[in-house]
Amino acid sequence: MRLDKLFSETGILSRSRCARAAKAGLIAVDGTVVRDPSLQIDPDACTVTYKGEPVEYRKYVYIMMNKPEGYVCSNDEPGELLVFDLLDERYKRKDIFTVGRLDKNTTGLIIITNDGKSAHAALSPKRHVRKKYVYTLAEPLSGDDRIKLESGVELKDGYTTKPCRIIPTGDRSGEIILSEGKYHQIRRMFAAVGNRVETLDRVSFGEITLDTALGRGQWRLLTEGEIALFTKDDGDDNN
15 MRLDKLFSET
25 GILSRSRCAR
35 AAKAGLIAVD
45 GTVVRDPSLQ
55 IDPDACTVTY
65 KGEPVEYRKY
75 VYIMMNKPEG
85 YVCSNDEPGE
95 LLVFDLLDER
105 YKRKDIFTVG
115 RLDKNTTGLI
125 IITNDGKSAH
135 AALSPKRHVR
145 KKYVYTLAEP
155 LSGDDRIKLE
165 SGVELKDGYT
175 TKPCRIIPTG
185 DRSGEIILSE
195 GKYHQIRRMF
205 AAVGNRVETL
215 DRVSFGEITL
225 DTALGRGQWR
235 LLTEGEIALF
245 TKDDGDDNN
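Taken in order, the sequence shown gives residues 15 to 253; the numbers are from my numbering.
No lab work stands behind these hints, which were simulated from the structure alone. One should not assume that every hint holds.
Here are the simulated lysine-lysine pairs, PhoX-like style, with alpha carbons at most 20 Å apart [unchecked claim]:
{"no.": "1", "residue 1": "Lys-73", "residue 2": "Lys-196"}
{"no.": "2", "residue 1": "Lys-162", "residue 2": "Lys-140"}
{"no.": "3", "residue 1": "Lys-170", "residue 2": "Lys-131"}
{"no.": "4", "residue 1": "Lys-140", "residue 2": "Lys-118"}
{"no.": "5", "residue 1": "Lys-131", "residue 2": "Lys-73"}
{"no.": "6", "residue 1": "Lys-176", "residue 2": "Lys-146"}
Note that the structure is predicted; figures quoted are calculated from it, not measured.
All chains should be modelled from the sequences, with the hints used to inform the complete structure.
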């Protein structure tokens, strides 16, 4: 890998800025100052530093974020607050994206990565990956409406949702677990029975649960165990 590509992929420096930094003697490989940004290196076998600080290279990044309200899961949305703006500069890579978007007014767990293969598998309908949300409603949810929702309801566009599970925690609040992820699906489901979602918060995605230590807008890297759960390849997974 070229030295300037490493800096570009880590998000620390663009290729042009890397060239200037190298010329200024700010970059070293295994303790030796390198002034050629096109130098071929093995990031797994050598130590690269910038201004004396180690540069950590990760081919793939996996981030858990507690998404705040008002932010959108988009890489480019003029005039909007982007979830990626909340990350440190070194993780603001051009190739990162969110796995399973949340709408602007929905909060909670999102996973940010550049691992397209694992993300595609996680979102595949064949995997039946379950997502759990905590909701509050404008009106009490009746027993009949709960049964309708759990059995599957027809949305305005004619689509009938798959069965889900609802666990009430109050007459207007509860948890909903489903394996689908259609556009604004949960809000549209409750609208189909004459109700309205006031707050919606995702707390789990598959086997990954939102870290309760993360406040709104905070994030952390996935642990090795969480990465293993996210990247595992078993088409029969029912979580």
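For each hint, the structure was consulted:
1. Lys-73 - Lys-196: Violated, at roughly 30 Å.
2. Lys-162 - Lys-140: Roughly 24 Å between the alpha carbons, so the hint for Lys-162 and Lys-140 is violated.
3. Lys-170 - Lys-131: Judged against 20 Å, a Cα distance of about 33 Å means the pair is violated.
4. Lys-140 - Lys-118: violated, 27 Å
5. Lys-131 - Lys-73: Holds - the C-alpha atoms of Lys-73 and Lys-131 are around 13 Å apart, at most 20 Å.
6. Lys-176 - Lys-146: holds, 15 Å
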